[in-house]
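Take the given structure of chain A and dock chain B to it, following the hints.
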Amino acid sequence: MSVLVYTESEQGKFKKAALEAVSYAKGIADMMGSQVTALSINGGDASDLGTYGASKLLQVEDGSLDKFQADTYASVIAQAAKAEGADVVVITSTANSKFLAPALAIELKAGYIPNAVALPQSAAPFQVKSSVFTNKAFALSEISTPVKLVGLSKNAYGLHEAATTCNPESFSPELAGSSVEVVSVDKSTDKVTIADAEVVVSGGRGLKGPENWGLIEDLAETLGAATACSKPVSDMGWRPHSEHVGQTGKPVASTLYIAVGISGAIQHLAGINSSKVKVVINNDPEAPFFKAADYGIVGDAFEVVPALTEKLKEFKAQNA
Amino acid sequence: MKILVCISHVPDTTSRINFTDADTQFDTNGVQFVINPNDEFGLTRAMWFKEKQGASVHVVNVGGAETEPTLRKALAIGADEAIRVNMNPTDGFSVAKQLAAVVSEGGYDLVIAGRESIDYNGGMVAGMLAKLCGANFVNTCISLEIDGQNATAIREIDGGKETLSTSLPLVIGGQKGLVEESDLRIPNMRGIMQARSKPLHVKEPVEATAETQVKQFEKPAPKGAVKLVDDVQSLIDLLHNEAKVI
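Keeping their order, the protein sequence lines are chains A and B.
Take 1 as the starting number for the first sequence in UniProt numbering and just add one per residue.
Take 1 as the starting number for the second sequence in UniProt numbering and just add one per residue.
Bound conformation, chain A alone (with noise of 0.2 Å):
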C-alpha cells in the first residue's frame, strides 16, 4: 500500500511541479499512515525527490521514452501503481500529465480529480478540494474507487522539504509501441513559459501596439518573468495565443503576476485568480483590475515600466 507519484523531469532534471507533487505525495501518505513511491522516467537523481518525502523511486531508463508519449507514459505509470499496490496517485497539471491522465484514470479504474488545490479533507472518504469554474470557485469531490487519482495544481501546495532517505529502483514496464508519433518539438528554450513561470507579465491593449512589446519584454527580462498578453491582444495579433491567459487560454498561478495596460475582464481574472500576487498598472484608475489586485499604480505604462525595470535593475544589484 503506497502513494505513488509520477515526477516529470526535463533533461535530466525534475521539474520543480513534480517536486511539488511529491511534497503533496508525502502530505496525503502520511494521512494514510503510508509512504511515498515516485515513478520516474529518464529521470533525475533520486536524492532531490528524498528531500521532499519520496522514500522509493522506480526508475525507468528506456531511450525509447525519450519522446513523450501520453498512452505510453500513461501505462508505464499504470503498471508501476499495480506494482506497487498503490492506492493514490498523485501527478501534475502540466500539459503532458492533463495529456496522460484521462487514459490512466481508464487504465487503473481510478477517479480522477484534476486542479486539486490542497491536501485532501479527509482520507476515508477520499474528499478533494479543486478549483472549478476557472478559479471562480471551488468543488470539494468524493472518490468512490479503490484506486484515487489526484492532479495537483502548480503552486497549490508549494514544496515541503521532508528528508527521507530515497532508495531507487530499476522498473522495467512493459512497452507498447504508440500510435501517435512525434514528428517534431519546436520548444522556445531560452525562454521562461508561463507553465513554469514565478513571475508573469503580462500586457492588454494599453500597450497600443506589438511595436511596444519592448516594455513589456525588458521587465519581464529583469525579473526572469514570462510574458503573456490579454485576449483582446491575442485576438489582434499583436501575441501568439499560446501567451493568451484567461477562460479560455491559458491559467496562471504564479508567486507574481503584473498587469500592464489590461483593463480587468472577468473572463481575464478568471485566468489569473491561482496568482498569489497581483500587481496592476493601468492609467484607469476605475479600470476593473484594481479590485483583484493586490498593488497597484494608476499612471501612463509608457512612463511607469521603464522607470519600475530600472529601479528593479538597481534593487536586484543591489540585493544580489
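Since the hints were derived computationally from the structure, they do not count as laboratory data.
These numbers were taken from a predicted model, which means no experiment stands behind them.
Where hints are given, some of them may not hold.
What the hints assert, rightly or not - These stretches of chain B come out as covered by chain A in the derived footprint (C-beta under 8 Å, 3 or more residues):
1) 114-121
2) 159-169
3) 202-213
Said to hold, decoys possible - Label-pair ranges, simulated between beta-carbon atoms:
4) A:Val-183 <-> B:Glu-242: 48 to 56 Å
5) B:Val-206 <-> A:Leu-159: 40 to 48 Å
6) A:Asp-190 <-> B:Asn-150: 18 to 26 Å
Said to hold, decoys possible - Here are a few chain A residues that sit away from chain B, every Cβ distance over 10 Å (derived from the structure):
7) Ala-156
8) Pro-173
9) Arg-205
Glycine is no exception: its CB is placed at the ideal position from the N, C-alpha and C atoms.
For chain B alone, coordinates are given in the frame of chain A:
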C-alpha cells in the same frame, strides 16, 4: 468522413458563479448558457472539413432537455444532425461512457471535443472517450489536417508546440488555434430556420456509474482592498518587504 463534435452546454464566460441548496448546486438563475468555447473552435473546424473535404457532421451533448437550444445553435452553424443523451451529467467518466456508446453506435472516424469545458475544467472526457473506444487521442490540439486515414495534428505543450502523426479513428481535445477566433461562425437566419427541421435525436443513457461526486462548492474568500502607490520605488519596497515575492 463522419465527424462527431462533442458540445458542452456551459455558462457564458461573463457569468458570475453562485451556488444554491447549501452550496451543493450551481445556481443557473440569470445565467446564459452557450456552446463551450473550446468546442466551438472544434465545431468550426468540423465545418471546414465538411465544406473542403466532404464530411457529415453530427453534434452530441449529454444533458437534459434544457441543453437543446445549444444543440440547435450548433445545427444552425451547419451541423447535420444532433444527438442528446438524456442524462444529467455527474462526472467526466460517466459522460465519457455515454459518448463512447454514441461513437460505437455511429461509427465515427473523427471525434472533436474541447480540451476542457469552462465550467468544471476536468479536461478528461475526450481522453477517456478515446481510451474507451480504442481510438487515437491528441490533446490541446491547435491544428488538424486529415488526408485519407492519416492525420497530422499540432498540439500546444508547455513552452512550445509539437507536431504529431497518427491515424483515424481519432479523438482530439481541441482549443483556440484549431481555427482563428475571427473564423467562428454566428448562425444566420437561414441557418436558424434550417436548424428547426434538422434531426435532434434523444437517446436514453447506457449504464454508467459515476466515480466522483461533488459534495460542496465554495467561492474564494473576499479580497482586501488594493494598495495604491504613487511611485515605483514604493511598489518595489512592498513587493520585497511585505509580499516577499522579489
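Hints, one by one, checked against the model:
{"no.": "1", "hint": "114-121", "result": "holds (count 4)"}
{"no.": "2", "hint": "159-169", "result": "holds (count 9)"}
{"no.": "3", "hint": "202-213", "result": "holds (count 4)"}
{"no.": "4", "hint": "A:Val-183 <-> B:Glu-242: 48 to 56 Å", "result": "holds (49 Å)"}
{"no.": "5", "hint": "B:Val-206 <-> A:Leu-159: 40 to 48 Å", "result": "holds (44 Å)"}
{"no.": "6", "hint": "A:Asp-190 <-> B:Asn-150: 18 to 26 Å", "result": "violated (33 Å)"}
{"no.": "7", "hint": "Ala-156", "result": "holds (13 Å)"}
{"no.": "8", "hint": "Pro-173", "result": "holds (18 Å)"}
{"no.": "9", "hint": "Arg-205", "result": "holds (15 Å)"}
Of the numbered hints given earlier, the model fails hint 6 alone.
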